[in-house]
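Chains as they are written, first to last, in my numbering: chain R, 10 to 124; chain D, 16 to 124.
For the record, the hints were derived by calculation from the structure and aren't laboratory data. There is no bait here: all hints are sound.
So, partial list: chain R residues that the calculated Cβ filter (under 10 Å) puts toward chain D:
| hint | residue |
| --- | --- |
| 1 | Gln15 |
| 2 | Ala101 |
| 3 | Glu117 |
Ideal Cβ placement from N, Cα and C applies to all residues, glycine included.
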Amino acid sequence: DGGITQSPKYLFRKEGQNVTLSCEQNLNHDAMYWYRQDPGQGLRLIYYSQIVNDFQKGDIAEGYSVSREKKESFPLTVTSAQKNPTAFYLCASGGLEGGWTGELFFGEGSRLTVL
Amino acid sequence: GQNIDQPTEMTATEGAIVQINCTYQTSGFNGLFWYQQHAGEAPTFLSYNVLDGLEEKGRFSSFLSRSKGYSYLLLKELQMKDSASYLCAVSFPGDKIIFGKGTRLHILP
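Bound conformation, chain D alone (with noise of 0.2 Å):
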């Protein structure tokens, strides 16, 4: 199968941590994708993960754990500009790529 889940919306406070969560079940799995997207734009890449562990990229980490089909990506000291839709992306043999169905990501001043 080729599920991709990831929950619908998250809230958080401005200056915290926040965890977003995706699960992928699926065979032939090649790499899992972060993208950004605010509402009415097109999404902006964020970061990309073959091997297992944790990458980091200034305020944004993503991890992966090929054997648990599971990764996260990690924000920090969050910002009001942060307020977006977060998209888990899964990459396949023959290059087809699926999306999760986004979570939404309210900021709190």
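Next comes chain R alone, as it looks inside the complex (with noise of 0.2 Å):
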């Protein structure tokens, strides 16, 4: 089945540890998102991709860092330079060939907690 996956799902870091979270999607879509969701909050964009081996820095990016080396993948490091990155952290694909609806396509989630 198509879809967009996620892993882990929980996470636990301590302080001065780098983290990566992983994003896969089998959808063909060019374009991937990586959002941040604090409780009670709404998605904060951290870093995004329109294609292979480019990506740009969304409203949040200090402290992460992402690639993009294949279609199918965009993973994205928590560094330890991000101050505060206990949070729900959500990837999310969309096709950009005409007749894109617009639906973004989630993925579960990952939920970071740094102790």
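Given two chains presented individually in distinct reference frames, assemble the corresponding complex, making use of the accompanying hints.
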């Protein structure tokens, strides 16, 4: 079945450690996105990518890094420079080809807790 | 600017109609989305408006006025399962998509 998969679902990290969240899609979508959501808040854009080997900073990119070496994969690294990384992280993808309905397909999310 | 404003919370009664507004202050706007999100879950797509006017999908309708920077989501015949957050999002050139803070909708029996 086509879809978008995030892993791990839950992750605990000690302060000062980097952690990488995985996001894989088999929908043949060009665009991929990473959002962060804090309790009771909306989604804030961290990074997005329109095409392989290219990505753009969103509104809160500081302390995060990404790569887009394959169309299917868009991993997010939360570095030790991110001052308050405890949050719910959502990955999404969308088709850029003609006829795109505008729908973003979301993964189930990764909940990161820094101890 | 890329501000997207929507009310923080709303309350409505089962069986009634509710309208959730969204205003945006932006240039280079492409289109506007509405998503539903239940607590602890990923958002699910409701609608995408590019042109002015009303689009209807069952109990849900979405309206857009590009000249006024205004949209609303209309929910009819409210059901308890409609209790959720409703997120307004805007797409820009280059496929940047920004979300508002969401409106938490409480449905009373």
